[in-house]
Amino acid sequence: MTTILKVSDLQVDFMSGEKILNSPLRGINLEIEAGKTLGLVGETGCGKTLTASAIMGLLPTTASQRGTIEFAGHGFLEASVMGAIRGSEIAMIFQNPQSAFNPIFNIGAQLTMVAQRRNIERGRIPELLIDRLASVGMSDAKRILASYPHELSGGMLQRCMIAMALISTPKLLIADEPTTALDATIGHQVLGLIRSLQQRQGFAMLFISHDVSAVAKVSDVISVVYAGRVVESGPAYDLMNNPQHPYTRGLLGAIPSAQKRRGQLTAIPGSVPSSLKDIVGCSFAPRCALADSACSKEPPLVHINQQLIACWKVGT
Amino acid sequence: MKKVVMDISHVTKKFHIRNSKEFFTAVDDISIELFEGEVLGIVGESGSGKSTLARCIFGITAPTSGSVSILGQSLAGKRRKSIRGLRSNLGFVFQDPSGSINPRMSVFDAISEPLKLRGDAKGEITKRVEFLIDRVGLSSNQLVRKSHELSGGQCQRVAIARALATNPKIVLLDEPTSSLDLSVQAQILNLLEELRSDFKLTYFMISHNLDVIAHLSDRVAVMKDGKCVEIGESASVLTNPQHSFTRELITVHSQNLESDPILPPNFDLDHWQDGPLNKWAFQNISKFLPVQEIAPSTNPFQFHQQPLEALESLSVPNEAQRSSLIELLENTHTDAIVVLRDGKLAYEKYFHGMQPNSLHLLQSISKSMLGALFGEFIARGVIDPDQTLGHYVPELKTSVYGSATIAQALDMNVAINFSEDYLDPNSEMARLDRACGWRHNFTGEDLGLSSFLPTLNGNGEHGKAFQYCSANTDALAWVISRVLGKPYAELLQEEIWKPLGSMYSATVTLDKDGLAVGNGGVSTTARDLALFGQSLLNHGFFNDQQILPKAWVDATFNGASKEVLVPAYLSSLHPEGSYKNQWWITGSEKREIFAVGIYGQYMWIDPSTKTVIVKFSSIPIPVDPIHSRIHMSLFRAISAAN
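Going down the list, the protein sequences come from chains A and B.
Residue numbering for the first sequence follows the numbering used here, starting at 1 and increasing by one per position.
Residue numbering for the second sequence follows the numbering used here, starting at 1 and increasing by one per position.
Since the hints were made in silico from the structure, they are not lab data.
Treat the numbers as computed from the prediction; the structure is a model and nothing was measured.
One should not assume that every hint holds.
With a straight-line Cα cutoff of 20 Å, these simulated EDC-like cross-link-like pairs (lysine to aspartate or glutamate) come out [as the list claims (entries may be wrong)]:
hint: 1; chain 1: B; residue 1: Lys287; chain 2: B; residue 2: Asp513
hint: 2; chain 1: B; residue 1: Lys227; chain 2: B; residue 2: Glu45
hint: 3; chain 1: B; residue 1: Lys146; chain 2: B; residue 2: Asp134
hint: 4; chain 1: B; residue 1: Lys397; chain 2: B; residue 2: Asp384
hint: 5; chain 1: B; residue 1: Lys227; chain 2: A; residue 2: Asp183
hint: 6; chain 1: B; residue 1: Lys344; chain 2: B; residue 2: Asp544
hint: 7; chain 1: A; residue 1: Lys36; chain 2: A; residue 2: Asp220
hint: 8; chain 1: B; residue 1: Lys279; chain 2: A; residue 2: Asp238
hint: 9; chain 1: B; residue 1: Lys287; chain 2: A; residue 2: Asp238
hint: 10; chain 1: B; residue 1: Lys610; chain 2: B; residue 2: Glu589
hint: 11; chain 1: B; residue 1: Lys287; chain 2: A; residue 2: Asp220
hint: 12; chain 1: A; residue 1: Lys277; chain 2: B; residue 2: Asp544
Counterexamples of contact, computed for chain A against chain B with all Cβ distances above 12 Å [as the list claims (entries may be wrong)]:
hint: 13; residue: Leu59
hint: 14; residue: Val81
hint: 15; residue: Gly83
hint: 16; residue: Ser135
hint: 17; residue: Ser213
hint: 18; residue: Asp278
hint: 19; residue: Ala294
hint: 20; residue: Val302
No residue lacks a Cβ here, since even glycine has one placed at the ideal position from N, Cα and C.
Please build the complete structure, drawing on both the sequences and the hints.
Quick look at the structure:
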C-alpha cells in the first residue's frame, strides 16, 4: 500500500509578535493510504478543521507551524508548491454549502472559474461541468448551472461543491463535516454519493466529523483527536468495538440509543479545554477517571495491538 | 386513566408570503394530547414545522386556527397577562444555549428573572436559585458569571435551571442538545432524565436526532410538511413505522453504507452461534438480524441491593473437585450472572464486555416467556388449550399442527418428525434456523416461518412422550399473534415486559416476513429477565399487580403428568424431571423450575430459598452434558448459600 499523505507531529501556535496566544495543534500524526478513508473525529475545538487548513496550506499568517506534511509525489509540502497542488491534487469540501459559494455569481460561473484555473480548455468546460454534475446525481445540469446559490437546497449545493472539488481528479479529498449542515436523509444521500465516487475514482479521503456514527460508516481507519493531539488511532472496526483510550471510550459510551433507553449515558465530566497553550502532561487527565500522578507527563502515541494510543493507563 | 396536561386541537399556523396573496402553511391541522409524566418526542427535518408548532403551543405566537389548552385552560382568546399566568406551568429550553441567555445578565439574574416576573419575595428567590443551580450540577460561585464565561454545556444547564424556576409541569425542549458536543450532550441527557423523574415533569421534546428521541421519549410524533404523519409509542414508531417518511428516516438513520465496519471481520451467518464469535454475537443480535423492540416500563422497578456475602467465598462441587464461584463462572464462559434472594439483588457480575444495560440473546429461555404469555391468554379465555394450532392458523391445518393441541405444543409432547440436532446442517432444526433467517438460506427455496412450519408432519399419537421441538414454539408464537391480531413483540411488551417494571427494552428477531422467532429470538438484560423469574416465584404477583395467573404458575411448578414419557437426558439429570408450559421442572423436593437455552443460557428459580438466578453464557458448543451437570450443581450451591 502506498501512503498518500503523512502528517508527522504537526504543531500550530497562534502568535502575537513573539508571544504565543494559543497552541491549538499540539501533535497531529496521520497516515492515509491511497484509495482509503481516514476518519478524523473529535469535539469542537479539538483541532480537526485546523488540521485540514494546515494540510491545504491555508493557515492564517499569525500561525506558526512545526512538524511535517508529506504528500505522495511532492515530498514535504511547502508554501511554494501548494499553489500547484491545492484544489487539483488535494481538493476540499466544506461544512456549510450556503456560505462556501459566492452569492452573487451563479453556479455555472463559479464552476467555470474553477475549471479555468485547472487549465481546462475553454471549449471543453461546459461539457465537463455537465458530466461532473451528472456524476453527483444532478441530471438537470443546465438549470443548476444557471441557478444562484440561494435558489438551491442545502443538499443540492453540497452536491455542487462535490462536483467542483472533483473537476480535476484529486488524489486526496478532504471532507470537513460534509453532512453536518444537512438533514439526516439528505446527509445520508451525500455520504453514499461520496463513497460511490471514491470507489469509482479511487481518491483517498480525509473525512472530518464530530459525528462518530457518520465517521464509522465511511472510514477504513479512525483517528480520535483531543485538545490538538491524536489520542487514539486504529482500524475502524477495532476502534469502534474495542476503544482503548478513556476519551474514546467515553465518547462512544455517550451516544444515546433506544437500547440504552433512559439508562445513564457515559458522560465525560467537564468540557474540552478552551486554551491549549499551558497544558502540561496528558490533556485529558482533568476529565479522566483513571488519571493519577503518572499523567502529569505527556503520554506518547504508541502501538498497542492494532491501535495507536496515547495514554499511560492503557496496556500497563 | 392517564391525565391530559395539554390538549392541542386542530392547530394550524399560516404565514403570509410577502408581496403576494398566498399563504405558507407551516403547521397543518395538528391534534395531539400530552399526558402527565410522559416524554413526547417530535421528529422531523428542518422546515417541517416542529418549532412553529412549539411556538403556537406555548403561546409565543397565536395559531391561525385551532386551540391549545394547558391543564384544562384554553390559551385562545386570553389576554397577554393571563397567558403569562398560565405560562408559569411551562418551562422552555432552546437550542442555542448561549444565544438564549442575555449576555449582560449574570447567571443569577437569568435564573431569577421568571421568579421576579411572578413577584416572588427576594429571600425566596435567592433560596430557589441556589437550590436550582445545585440541582443542575453547577456550583453557587458560578452565579455571578455571565454567559460568555460559561461553556455551552454549562449555559444549557443554566437554561434548564431557568426553565424549572417556576416549578413548571411541562417543559418544552427545542433541540436541547443539538449545539452541544457528544460528551456534553450525554451530560445534559442524563440531567434531563434525572430531573424528569425527580420533579415528575412532562417533556415536549423537539429533535432531529433520532438517537436522542429514542433515548428519552415514551411517544414519538413524526412531522413532515407541517403535518403529523405518524404518532405512537416510541418503540413501535421507531421499530415498526407505518408511514413511508418515518420508514425512510429510520432506514437512513440505522443503515450503514455498503461496508459495515461494525460487524467483526470474521463474522459468518452460519457460525455466529458457535464460540468464539458468540461472545460478540449474543450481545449484538440487532446488528445482523432484523429485530422488533419490546419497550420497557415507563416506571421501572427499583432494585434493592443486599449482597449475599456467602457467595464471594462459595465453593462449588465441580465434577470430581471443587471450584470457587468466580473460577466456575469463568470456566463456563459466563457473560452475565444476576442472583436475586428474597427479591433483592444479592449478586451480579458481568464478563466479556457485557454491562448491566447490555442485551443478551436468551436462546430458548424465550420459550418460557411465550409459555407465560399463553398462560395469560388461556386464563382470559382468549385461547382454548384443547383446540389445535390449525384451528387458529388455517395454514397449519394440513401439517402436524392440524391435529396437535395448544396444550400439547406447550408441553412439548407433539409427535412430530423433527430432529433437534443443532450441529447437523441437514436437520429440521437447521432448516428452522434458515427459515428464521438465523443461517444462510443456501437452498434457494422461499423459506420463512410461514412457509416452513406448514411442511412439518407427524409420526404417531400426541401427548404420550416428551419430545423437545423448537418449531412448536414458533408455531405457537404465530398462533398467538394471529389470534390477537398484533405482533408477538407487542404482546410480550404489553402483557409481560411493561408490567414487570423492566428498565430496558428487549428485542425479538424477525423472519423475512416479520414473524417473530418465538423459539429463541428474544434478547434482554440480565436484570430485567430476573424480574420475570421473580414474578413466577411470587405466584405471578409482582410490581403491585397480578402479572401472570396464579393458577398457571402453580400448574407450571407442579410439572407434567407422570404418564408422559421422558427421555434419558432429562431423567438422568433430574430423575423426577418433566416439562410443562415451556418450562423445565426438576421434580425435586425443593420444587425448582428452570428455563434453559443452548450455549449456556439459564434462569433458575428455587422457591425453597426464594432465589432467582439468571446466567447468560457463550459456551462454544450448543449442548454439552458436562456443562449441564456443572450448571445444576452451581445453581444448587448458589441457592443453598446463606
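Against the structure, the hints come out as follows:
{"no.": "1", "hint": "Lys287(B) <-> Asp513(B)", "in the structure": "holds (18 Å)"}
{"no.": "2", "hint": "Lys227(B) <-> Glu45(B)", "in the structure": "holds (12 Å)"}
{"no.": "3", "hint": "Lys146(B) <-> Asp134(B)", "in the structure": "holds (17 Å)"}
{"no.": "4", "hint": "Lys397(B) <-> Asp384(B)", "in the structure": "holds (16 Å)"}
{"no.": "5", "hint": "Lys227(B) <-> Asp183(A)", "in the structure": "holds (18 Å)"}
{"no.": "6", "hint": "Lys344(B) <-> Asp544(B)", "in the structure": "holds (16 Å)"}
{"no.": "7", "hint": "Lys36(A) <-> Asp220(A)", "in the structure": "holds (6 Å)"}
{"no.": "8", "hint": "Lys279(B) <-> Asp238(A)", "in the structure": "holds (15 Å)"}
{"no.": "9", "hint": "Lys287(B) <-> Asp238(A)", "in the structure": "holds (16 Å)"}
{"no.": "10", "hint": "Lys610(B) <-> Glu589(B)", "in the structure": "holds (14 Å)"}
{"no.": "11", "hint": "Lys287(B) <-> Asp220(A)", "in the structure": "holds (19 Å)"}
{"no.": "12", "hint": "Lys277(A) <-> Asp544(B)", "in the structure": "violated (59 Å)"}
{"no.": "13", "hint": "Leu59", "in the structure": "holds (24 Å)"}
{"no.": "14", "hint": "Val81", "in the structure": "holds (34 Å)"}
{"no.": "15", "hint": "Gly83", "in the structure": "holds (35 Å)"}
{"no.": "16", "hint": "Ser135", "in the structure": "holds (18 Å)"}
{"no.": "17", "hint": "Ser213", "in the structure": "violated (8 Å)"}
{"no.": "18", "hint": "Asp278", "in the structure": "holds (18 Å)"}
{"no.": "19", "hint": "Ala294", "in the structure": "holds (23 Å)"}
{"no.": "20", "hint": "Val302", "in the structure": "holds (23 Å)"}
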